[in-house]
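Trainee: Residues per chain, in single letters:
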Amino acid sequence: MTTPGPEQPDPERQSGGTGTATAAAPSGPLAGGVHEPTRADIGEKTLRKDRYWVTPAITVIVLVAWLTYGVVRVFMQDYYYVDEHHYLTPFYSPCTSTGCVEEAAHFGRFTPNHALIPFAVLSLPLLLVFRLTCYYYRKAYYRSFWLSPPACAVPDGHKRYTGETRFPLILQNLHRYTFYLAAAIVLINTWDMILAFGGDEGFGIGLGNLILIFNVVMLWLYTLSCHSCRHVTGGRLRHFSRHPLRYRWWTFVSKLNTRHMLYAWMSLGTLALVDFYIMGVAAGWFDDLRFL
Amino acid sequence: MGYDLNMKVWRGDESGGELTDYVVPVEEGEVVLDALHRLQATQAGDLAVRWNCKAGKCGSCSAEINGKPRLTCMTRLSVFEPGETVTVTPLRTFPVIRDLVTDVSYNYEKAKKVPPLSPEPRQADGTYRMQQEDVERGQEFRKCIECFLCQSVCHVIRDHEDNKEAFSGPRLFLRYAELEMHPLETKDHREAAKAEAGVGLCNITKCCTEVCPESIKITDNAIIPVKERVVDRSYDPLVWLGSKIFRRSADD
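Those protein sequence lines, which keep their order, are chains A and B. Numbering of the first sequence is given in the numbering used here, commencing with residue 1 and proceeding in unit increments. Numbering of the second sequence is given in the numbering used here, commencing with residue 1 and proceeding in unit increments.
One or more hints might be untrue.
If the Cβ cut is set under 7 angstroms, some of the chain A residues that face chain B in the computed set are [said to hold, decoys possible]:
#: 1; residue: V34
#: 2; residue: N113
#: 3; residue: R138
#: 4; residue: D156
#: 5; residue: G163
#: 6; residue: H227
Derived from the structure by calculation, the hints contain no laboratory data. Virtual Cβ for every residue (Gly too), placed ideally from N, Cα, C.
Please put together the full structure from these sequences, using the hints given.
Mentor: This is the structure we're talking about:
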């Protein structure tokens with residue numbers, strides 16, 4: 001593509017069609033962006049006619065529904081542990097509050113027991129920030145909640161834009177630290193999953209175990225497919241050839257990374273699923289289906 | 001089997017313009033550029049449209065079709081519903097020259113700011129040697145045909161003209177990423193990517209990746225790796241400490 005030279009408008013231009021709009025360059029609130037005076041004078045902000053708003057709308061609905069469920073469950077402070085089968089929901093793991101039942105507190109009870117302090121106060125804020133700073137979720141909420149932009153080639157909803165260069169959004173750059181901590185928390189979730197095989201009557205397997213396994217697998221896939229993980233494992237290198245093991249690890253993470261969005265949603269779904277299942281069994285709404 | 005295609009084509013220049021209605025006879029299997037050429041040949045001889053290879057490899061025929069930045073030569077008419085009006089406008093991020101032709105010199109001005117490769121000295125036999133796995137990574141970025149669809153769709157400059165000064169755009173981040181990953185490169189371009197190219201302005205909403213006709217994973221493979229490298233240099237105290245204590249560098 002070459003840089004065009006200056007061209008002069010031809011006053012005698014031939015026109016075989018019918019004009020449909022002759023709007024002057026807008027001024028006032030419409031000015032700026034695609035309505036800059038030097039750009040093609042088109043009245044509409046976007047000429048997209050497809051239903052580009054569907055995806056951001058679904059994103060808002062699902063995330064708000066999930067967050068509502070999560071807040072209700074976190075502050076319910078009940079039905080989080082199935083004593084008979086040692087099922088502990090990840091919403092309460094690690095259960096460090098002095099209000100936790102002793103069997104669920106695998107790492108001790110030392111945080112205050114208060115109605116406004118989650119039982120898993122050490123992990124939940126970190127996991128929230130891990131997902132908030134995640135490169136995929138950033139795309140999702142920038143588009144759907146912040147309308148910046150709501151869809152491609154649709155004007156964003158803000159007059160000024162400074163991206164991630166200023167406080168608070170400059171803190172998105174700390175994503176890698178939340179990744180390290182999130183990986184440690186998934187290790188704890190994995191330990192909870194293993195402990196759940198040993199119920200009051202010894203080793204056993206129920207539907208709850210399978211759901212816990214599925215959830216932990218999804219959490220690992222989401223965490224390991226993280227873009228920061230991809231960078232620290234090998235992405236930062238300039239010479240893969242000098243670090244063959246890290247190159248292989250980076251290759252593996254890169255394959256996972258292509259499905260990061262899928263794992264982000266799947267793990268969100270499995271977290272809610274495993275929590276609901278454990279709540280149902282703990283509350284006595286239904287029994288755990290046992291295989292062994 | 002031929003049919004009549006309803007089109008709206010933006011006609012005008014910097015002083016003003018309009019979407020003009022046309023009915024263009026087209027054939028099955030044709031692309032939008034075919035329709036524009038027929039329009040030019042039969043009804044609007046002075047229609048300005050930039051094109052060259054008609055094979056999706058020169059990047060010349062970029063325009064916006066039904067509101068989306070696309071190559072007119074790679075957009076089949078069969079993707080539209082029967083009877084649907086196809087609206088073609090120039091790229092709405094750059095100054096218009098005439099009809100579908102825009103002044104894309106912004107991109108070339110930004111390209112001038114990208115530092116050149118500063119390779120290590122040649123080896124004793126006068127050659128450079130690079131390992132295959134080190135070379136492969138940057139090959140994806142070389143597929144760029146400079147159609148500037150990614151630049152046009154990027155809301156940082158599309159919706160905020162004032163950011164053009166500070167922001168180079170996705171196409172140029174490919175260049176910075178390639179330099180940063182090049183096995184022979186000796187210089188550190190992270191500060192330039194942050195300060196000169198403004199990578200911090202990108203909020204990774206991935207529209208550049210969505211519109212790329214070469215399917216380059218611009219966001220995942222170039223912009224985010226560049227952002228992470230900038231974090232290494234500017235925002236991560238542990239990496240900074242490691243670089244001081246262990247003398248680790250980006251040249252690993």
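Trainee: For each hint, tell me whether it holds in the structure or not.
Mentor: Now for the hints, and whether the structure bears them out:
Against a cut-off of 7 angstroms between C-beta atoms, the interface hint on V34(A) holds, since the closest Cβ of chain B lies about 4 angstroms away. Interface hint status for N113(A): violated, as the beta-carbon distance to the closest one in chain B is roughly 34 angstroms, over 7 angstroms. Interface hint status for R138(A): upheld, as the beta-carbon distance to the closest one in chain B is roughly 6 angstroms, under 7 angstroms. Annotation: interface hint on D156(A) holds; nearest CB of chain B at approximately 5 angstroms, less than 7 angstroms.
The interface hint given for G163(A) is met, as the beta carbon of that residue sits about 4 angstroms from the closest beta carbon of chain B, less than 7 angstroms. Look at H227(A): its Cβ gets to within about 5 angstroms of chain B, closer than 7 angstroms, so that hint holds up.
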